[in-house]
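Protein chains in written order, with our numbering: chain A, 1 to 38; chain B, 1 to 546.
Simulated from the structure, these hints should not be mistaken for lab results. Hints may be right or wrong, so weigh each one.
Covered by chain A, according to a simulated footprint, are these stretches of chain B (three or more residues, beta-carbon under 8 Å) [to be verified]:
1. 32-45
2. 209-219
3. 288-301
Away from chain A, derived, C-beta distances all over 12 Å, residues of chain B [as the list claims (entries may be wrong)]:
4. Arg134
5. Ala149
6. Asn276
7. Ala306
8. Gly326
9. Arg369
10. Pro390
11. Phe441
12. Leu452
13. Gly526
Beyond 12 Å from chain A on every Cβ pair, some chain B residues (computed) [as the list claims (entries may be wrong)]:
14. Phe51
15. Tyr87
16. Trp89
17. Leu123
18. Phe148
19. Leu365
20. Gly392
21. Phe404
22. Leu411
23. Ile449
24. Val456
25. Arg541
A virtual CB, placed ideally from N, CA and C, is assigned to each residue, including glycine.
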Amino acid sequence: MTLSAWLMLTATWAVVVFFTARFFAAVLRTPQRPQDDD
Amino acid sequence: MSGRQEGWGTRVGLVLAVAGNAVGLGNFLRFPAQAAQNGGGAFLIPYLVSFLLMGIPLLWVEWAIGRHGGGLGHHSAPGQLASLGRYRWLKYVGVFGLFTNLCVAAYYCYLESWTLAYVWHSLIGTFEHVDPARFFPEYLGVTADSIFALPLGAFFFFALTLALNTWILSRGLVKGVELAAKIGMPLLFVFAAVLAVRALTLSPGEPGVVQSPLEGLNFVWQPRLGGLTDPTIWMAAAGQIFFTLSVGMGSIHCYASYVKQKQDIALNAATAGWMNEFVEVILGGSLLIPIATAYIGLAAVQEATAGGSGFSLGFLTLPTLFHNWGAFAPVAGAMWFGLLFFAGITSSLAMGQPILAFLEDEYGLPRRRAALGFGLSVFALGFVCVWLYPAGAFDEFDFWTGTFGLVVFALLEVIIFAWIFGMDRGWAEITRGADIRVPTFYRFVIRWITPLFILVVFVGALFQPMGRGWGAAFSQLFAGEGWPFAPESVIGRIFHVGDAAHSWFDAAGLPTRGMVVDLTRLLLLGVFLAIAVLVWNAWRRKGARR
Chain A
1 MTLSAWLMLT ATWAVVVFFT ARFFAAVLRT PQRPQDDD
Chain B
1 MSGRQEGWGT RVGLVLAVAG NAVGLGNFLR FPAQAAQNGG GAFLIPYLVS FLLMGIPLLW
61 VEWAIGRHGG GLGHHSAPGQ LASLGRYRWL KYVGVFGLFT NLCVAAYYCY LESWTLAYVW
121 HSLIGTFEHV DPARFFPEYL GVTADSIFAL PLGAFFFFAL TLALNTWILS RGLVKGVELA
181 AKIGMPLLFV FAAVLAVRAL TLSPGEPGVV QSPLEGLNFV WQPRLGGLTD PTIWMAAAGQ
241 IFFTLSVGMG SIHCYASYVK QKQDIALNAA TAGWMNEFVE VILGGSLLIP IATAYIGLAA
301 VQEATAGGSG FSLGFLTLPT LFHNWGAFAP VAGAMWFGLL FFAGITSSLA MGQPILAFLE
361 DEYGLPRRRA ALGFGLSVFA LGFVCVWLYP AGAFDEFDFW TGTFGLVVFA LLEVIIFAWI
421 FGMDRGWAEI TRGADIRVPT FYRFVIRWIT PLFILVVFVG ALFQPMGRGW GAAFSQLFAG
481 EGWPFAPESV IGRIFHVGDA AHSWFDAAGL PTRGMVVDLT RLLLLGVFLA IAVLVWNAWR
541 RKGARR
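This is chain B alone, in the form it adopts within the complex:
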């Protein structure tokens, strides 16, 4: 362990950094589509219940694990998990806290770089004469007949984004991460507020407006209360809460580890969590769908968000729609993609910090070398996502690390915290120095309800049925027709459900998408094992020093 005593400069800086970690592209692109497709306003009931019974408790648990480990000199998950009990395997659970950050950063920085590129192209007016729906695949180098892509423009912006992340991280916690949050988060709020006001004041008399944006808002908020008895909607709400808060990654643990032992974590965690909800529910819900509805009509918006994602609206449709705003169009485009960029970079910095902390704490690397190590590792893994994007490598990274890995880690950490560390010590850790009164019933919630909620999300991911209809799936099961695994469920992916012709080579002997998918999974497994070996070696060295 290094003997340095790094810490946050200000409390507001810490809260903004943690809120920035949680606020991501999903707040603006995924939430409104999920809400609209899963009961409208009624979605907010299971959503807020999930926030109170799973989100907030998990935030408290992660902050508590982080501050406890930080007091013992551990700023990354392996050491922090190891300090919760006497079992040797605990540190290997912490491997998830490095693995997910490293691998999510690889594809997330690529996604983040798209937003930076779109800021540039909005400002220079590219979308005035190029259809974004045609621009996007060309930008990514996607062609109908190749599983490879080496798009120079996209590669340049990826390298630029990664260099920026690495440079900020190398500047340290206060001058790097905290300063970025203090600049990025207020700008994000301002950009989103300006666009939301403009969006909601569009009226059918204006050029290009075909429908009131309030019809779009109605689409998001109209409560369809019958959906409250549908388990699919509860699963969707719990999943949205889980992924929007960036829990189960190890980044909150890392940020909290720099909080001193007698300083508050309860209020800080609650503030960062509610701030994320403000951005998601109020700002995120007021932009994408109302603007798109105003210009392309509700029917087209419903079709575009049918899959529960607003990604195509955000990247393919909005750049064109902004042209109706005249001279303000380049600025509006830059603000939209700019706020997505700030949402992205405050998250990717949070993914880098635990990796740096591990290399500094356990291997004694100076910060700049640790930052370089992170940058080069992400570059190597990110290159796979760029090069093999058309064959699905990006999606594999996203699913196994950014979805499955998070749920597994969160489930394990909450069980370890409540049942191995113990609720008596855990509760004392959460409430020590607290600036708010933490309701006592959360002792029960953390011990029983939160693990159950995460287990439901986990089982939901494992057994997600075809068409996402759980009621119909159970009917089919009880009728003796088996469980209809969706191709995107964990089990469906492992067994290549829906891909009967799965093979590594096509008729001409050329590698197929199936080969890339399988090799990407092996690569991710290899990365996990390599990190586990690094953890094992770090503890072996410590043992030798004693």
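The shape of chain A in the complex, shown without the other chains:
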């Protein structure tokens, strides 16, 4: 693989992994808030 391909792959994977992990972790950490009628 060329250096530019590696750079593109690494940058894109980093962005995708960062946001997927960050948001999914937030979903796991945050329970749904209860409703008034619950």
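Following the hints, put chain B in place on chain A, whose structure we already have.
Chain B in isolation, oriented as in the chain A frame:
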């Protein structure tokens, strides 16, 4: 409306179900081919821009419409769209949210059944002695001299797949759809990760390996930055984002309608969207092309993906290539087609749920009867796709419902949300109970940029030029030679461009492919009108009850 209060069991279950809805066969078969053919690594720039300016905002809009409608007792698109304004026609825009789900499910369940059949044939070793390139047309019953096909094996797996979908849907949201997502999605991740590790560690010294799989990865990721000024690549990227997220269908609206009014939708939508990107960009980009490159070489892979689809590699080539993996071959084949099956079934369940919700909410049908109604309707429409597959009925379903219908619905819903419901109320709906801070500039994006992006995709579909070269097409237009409509563009299809001899009967008086194509379009129009009548009747009954 029924008085039931169905809801999701867990938040993770909801996110996995929505991510499963988005993750489909295209994540593994279409994305890598699209990226490789449209600028390589440079494709990811317009792709991610489209995701941020069209994909994510559209997800928020659909979740907001769904939760808003759900609060008023509407779990399907007609009622949800009707609740966005006082115009009577709004509910008929919602017809798209039932029509596309029903008709896409018809051909998609058939496609899904192929993956199930291939799991079976991988496990029993069929591909050890039968060439998949020969097996596939035989499996579908395609012959050179007939426009009809009634393949018993394919029909059996179609019926089995549909029965499985119907049974899961009949079990309800928590015990059916959510449980399927909680089982299917982790298995999909595991299967894809195992195959990706094996694929990327293949080396030229191993039996059958002719080239490093990293050459295939390079083919996908090598940035050709000159392509960034080519509108064709931007159109391809926007189209890929649009279709990978399963927006414009009405299924996200339906799933979101079971979220309670003060619970978050902003984080849930963003998580499901990014999870789809993880599967598509990281797992999808690391399987098909690297494995195929290792065994058949880059030149053959480039030729096989030239049309922007990896379908032939996935179904015709990979089953043979897995044989180089020795005793692991049946398992590898089962894992590959198994992950495609899980990607498929989590999507087809999402297509069924809005239909069930409509029948339950608006006609008071019990869930099991509603599920049966969905199953029988999909069976009838799917039979057309199976029987008339060689004549192109499957492709017509795919184009008019799974491509054109989605874009039309998405364009209309985002305009209705931003301009009729209004951005003030819309923004309040998106941000109510949000567990993340939604950047304020998305107010502007949803109002202006997202509709513009979808409009570009829509116009692109209408006027797609021959050879997909927009620059050359404009040059031809300005030279006074007219617009070179591609046969696969909307206008090209309507006017049968490239089919000068279009007729319903051949010289022997037998029906032709052209007849099947036209009658399939009439059938789809009839289905749309029939659903519109059902919607009209449901509202008439409500009016009478008041």
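Hints, one by one, checked against the model:
1. 32-45: holds (count 4)
2. 209-219: holds (count 4)
3. 288-301: Not satisfied, violated; 0 residues make the cut.
4. Arg134: At about 35 Å from chain A, Arg134 of chain B clears the 12 Å cut-off, so the statement holds.
5. Ala149: holds (41 Å)
6. Asn276: violated (9 Å)
7. Ala306: About 20 Å separates Ala306 of chain B from the closest Cβ of chain A, which puts it past 12 Å; holds.
8. Gly326: At about 27 Å from chain A, Gly326 of chain B clears the 12 Å cut-off, so the statement holds.
9. Arg369: With a cut-off of 12 Å, Arg369 of chain B remains clear of chain A, as the shortest Cβ separation is near 29 Å.
10. Pro390: holds (40 Å)
11. Phe441: holds (17 Å)
12. Leu452: holds (24 Å)
13. Gly526: holds (42 Å)
14. Phe51: Since the minimum Cβ distance to chain A is about 10 Å, Phe51 of chain B lies within 12 Å and the statement is violated.
15. Tyr87: holds (31 Å)
16. Trp89: holds (33 Å)
17. Leu123: holds (32 Å)
18. Phe148: holds (45 Å)
19. Leu365: The claim holds: Leu365 of chain B sits with its nearest Cβ about 26 Å from chain A, beyond 12 Å.
20. Gly392: Check passes; 37 Å lies beyond 12 Å.
21. Phe404: Holds, because the least Cβ-Cβ distance between Phe404 of chain B and chain A comes to about 29 Å, which exceeds 12 Å.
22. Leu411: holds (27 Å)
23. Ile449: Holds, since 20 Å exceeds 12 Å.
24. Val456: For Val456 of chain B, whose nearest Cβ neighbour in chain A is about 23 Å away, the distance exceeds 12 Å, so it holds.
25. Arg541: holds (28 Å)
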